[in-house]
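A.B. asks: These are the residues of each chain, in order.
2 protein chains.
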Amino acid sequence: MNTVAIVGVGLIGGSFALALRKAGFQGRIIGVSSPATIHKAFSRGVIDEALPLAEAASVADLVYLSQPISQIIETLKVLDTDALVTDAGSTKAVICETARKLKRGRFVGGHPMAGKESRGVEQADADLFRSRPYVLTSHEPELESWIERIGARLVFLEPADHDVTAAIVSHVPQLISTALAAELGATGGATQIAGPAAVDLTRLALSPYEIWEDIFATNAGPIQVALKLFISVLEGLGKQLNEPGMKREFLRAAKAAKELRQPPSEKD
Amino acid sequence: MNTVAIVGVGLIGGSFALALRKAGFQGRIIGVSSPATIHKAFSRGVIDEALPLAEAASVADLVYLSQPISQIIETLKVLDTDALVTDAGSTKAVICETARKLKRGRFVGGHPMAGKESRGVEQADADLFRSRPYVLTSHEPELESWIERIGARLVFLEPADHDVTAAIVSHVPQLISTALAAELGATGGATQIAGPAAVDLTRLALSPYEIWEDIFATNAGPIQVALKLFISVLEGLGKQLNEPGMKREFLRAAKAAKELRQPPSEKD
Numbered sequence: 051m052n053t054v055a056i057v058g059v060g061l062i063g064g065s066f067a068l069a070l071r072k073a074g075f076q077g078r079i080i081g082v083s084s085p086a087t088i089h090k091a092f093s094r095g096v097i098d099e100a101l102p103l104a105e106a107a108s109v110a111d112l113v114y115l116s117q118p119i120s121q122i123i124e125t126l127k128v129l130d131t132d133a134l135v136t137d138a139g140s141t142k143a144v145i146c147e148t149a150r151k152l153k154r155g156r157f158v159g160g161h162p163m164a165g166k167e168s169r170g171v172e173q174a175d176a177d178l179f180r181s182r183p184y185v186l187t188s189h190e191p192e193l194e195s196w197i198e199r200i201g202a203r204l205v206f207l208e209p210a211d212h213d214v215t216a217a218i219v220s221h222v223p224q225l226i227s228t229a230l231a232a233e234l235g236a237t238g239g240a241t242q243i244a245g246p247a248a249v250d251l252t253r254l255a256l257s258p259y260e261i262w263e264d265i266f267a268t269n270a271g272p273i274q275v276a277l278k279l280f281i282s283v284l285e286g287l288g289k290q291l292n293e294p295g296m297k298r299e300f301l302r303a304a305k306a307a308k309e310l311r312q313p314p315s316e317k318d
Numbered sequence: 051m052n053t054v055a056i057v058g059v060g061l062i063g064g065s066f067a068l069a070l071r072k073a074g075f076q077g078r079i080i081g082v083s084s085p086a087t088i089h090k091a092f093s094r095g096v097i098d099e100a101l102p103l104a105e106a107a108s109v110a111d112l113v114y115l116s117q118p119i120s121q122i123i124e125t126l127k128v129l130d131t132d133a134l135v136t137d138a139g140s141t142k143a144v145i146c147e148t149a150r151k152l153k154r155g156r157f158v159g160g161h162p163m164a165g166k167e168s169r170g171v172e173q174a175d176a177d178l179f180r181s182r183p184y185v186l187t188s189h190e191p192e193l194e195s196w197i198e199r200i201g202a203r204l205v206f207l208e209p210a211d212h213d214v215t216a217a218i219v220s221h222v223p224q225l226i227s228t229a230l231a232a233e234l235g236a237t238g239g240a241t242q243i244a245g246p247a248a249v250d251l252t253r254l255a256l257s258p259y260e261i262w263e264d265i266f267a268t269n270a271g272p273i274q275v276a277l278k279l280f281i282s283v284l285e286g287l288g289k290q291l292n293e294p295g296m297k298r299e300f301l302r303a304a305k306a307a308k309e310l311r312q313p314p315s316e317k318d
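Those sequence lines, one after another, are chains A and B. First residue of the first sequence: 51, per my numbering; consecutive thereafter. First residue of the second sequence: 51, per my numbering; consecutive thereafter.
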């Protein structure tokens, strides 16, 4: 792997470039992005050069699509390359199916489970992926090796399985947080006495809709299934508030919450 | 106010004692607790002396009930005093109604909206209440003055209004967190790729059931109403995932989440 094209040099794409460099990548890193972003990426030393998509794709060994989901799909439609192509979109089924139908060379879907409160190449960080899960939808030894070298934890999932799991661990939590914040906002005096519980649960509600629009557009089915399941669990708790079974529910939930907090080595 | 009896010298009672002292209280602070707790409270300098409830109540000007809710109710039943009595229970209607029926001198319900992950007098902290809301159910100038001197933010609420609001800002968030952790625990592979979203939303699921048992026993009605409202908001979001109205919902929720994070001075 001598030349990498990063298409969409934002937080994720910029961090991937910095992480590659830190892990010892000696080749060229080409940025494909808007002029303003390219300017910022150069000034932070994230990329070596900038090219339009077609030219970048024709010289790259790896094309890394780190745009919003809808733009990844648009890029796949015009991308002409024999290179290995991967992406960093938050849903996988629609993207992988698009790549498969269009026969875009060797495509491996990817999803680095990492992020920050703020976006943009200004926030790019060589350690963003360290110890975080990095989902790939199929095996590709050279890509796997670099993902391990940047310190991420490889997880293999079929696109549909990824989307079902992501609906539960990420998309439904977003809806919960948005719904709770809306309810708090509509309740007079609630913000006056709200404590850490409400603050914890409404942090996600600060996320910009722009990211979520694409996720909802490409994963509505699994989200609705996971949401229904969550609501039925929640209704179940509401019905047995003062019954002995409640203690068992709390113990079961606390066990899962603890597992979630264990370092990866203990999880495996 | 010369003598204060702290009944239940745990995190809250111990912190109230330390906060009073730090705020310049010169009188006696008497602890009423189990021998083991009294021993720890002495060794941390939280109390000046220890007495059984009846004796403490007969010499105190203020009796501060900082036990679990069910024990506060039991204490009220046996408490014989002309002193000002207040409590720190997380629900207010049942406690205030019990005090009213039993005519326990001058009773003012209280709820300091403060806490820590760990409990016990070992965690007591003179600054625990600083900048945090402290709900009182009625006016009592001397108590109000001390609550202000310990740095808390006074909020007056009728017992029933407190419980309805607490259901939304605290009790429903607990159920949400418990339900989500249970769902994550029951989904194979979920903990493997869960990120900060899932971690944020399942922190409350680590809370011990023992605290919640009393809250559910004394606030089931308001909790069920708030839960129903939350579920209907959440179902509404699920139904319009890909509709234009979703952006409006996100903006509305983000506004409320931001308000929640503003310092109190900007909220008023």
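Be careful, since some hints might not be right.
The list cannot tell twin chains apart, which means a pair is met if one copy fits it or any two copies do.
Calculated lysine-lysine pairs in the DSS-like style (CA-CA distance at most 30 angstroms, straight line) [stated by the list, open to error]: (1) LYS153 x LYS127; (2) LYS305 x LYS278; (3) LYS166 x LYS308; (4) LYS72 x LYS297.
No wet-lab data here; the hints were simulated from the structure. The model shown is predicted, which means the values in this text are computed figures rather than measured ones.
A.B. asks: Can you list which hints this structure breaks, lowest number first?
C.D. replies: Per hint list: single violation, 4.
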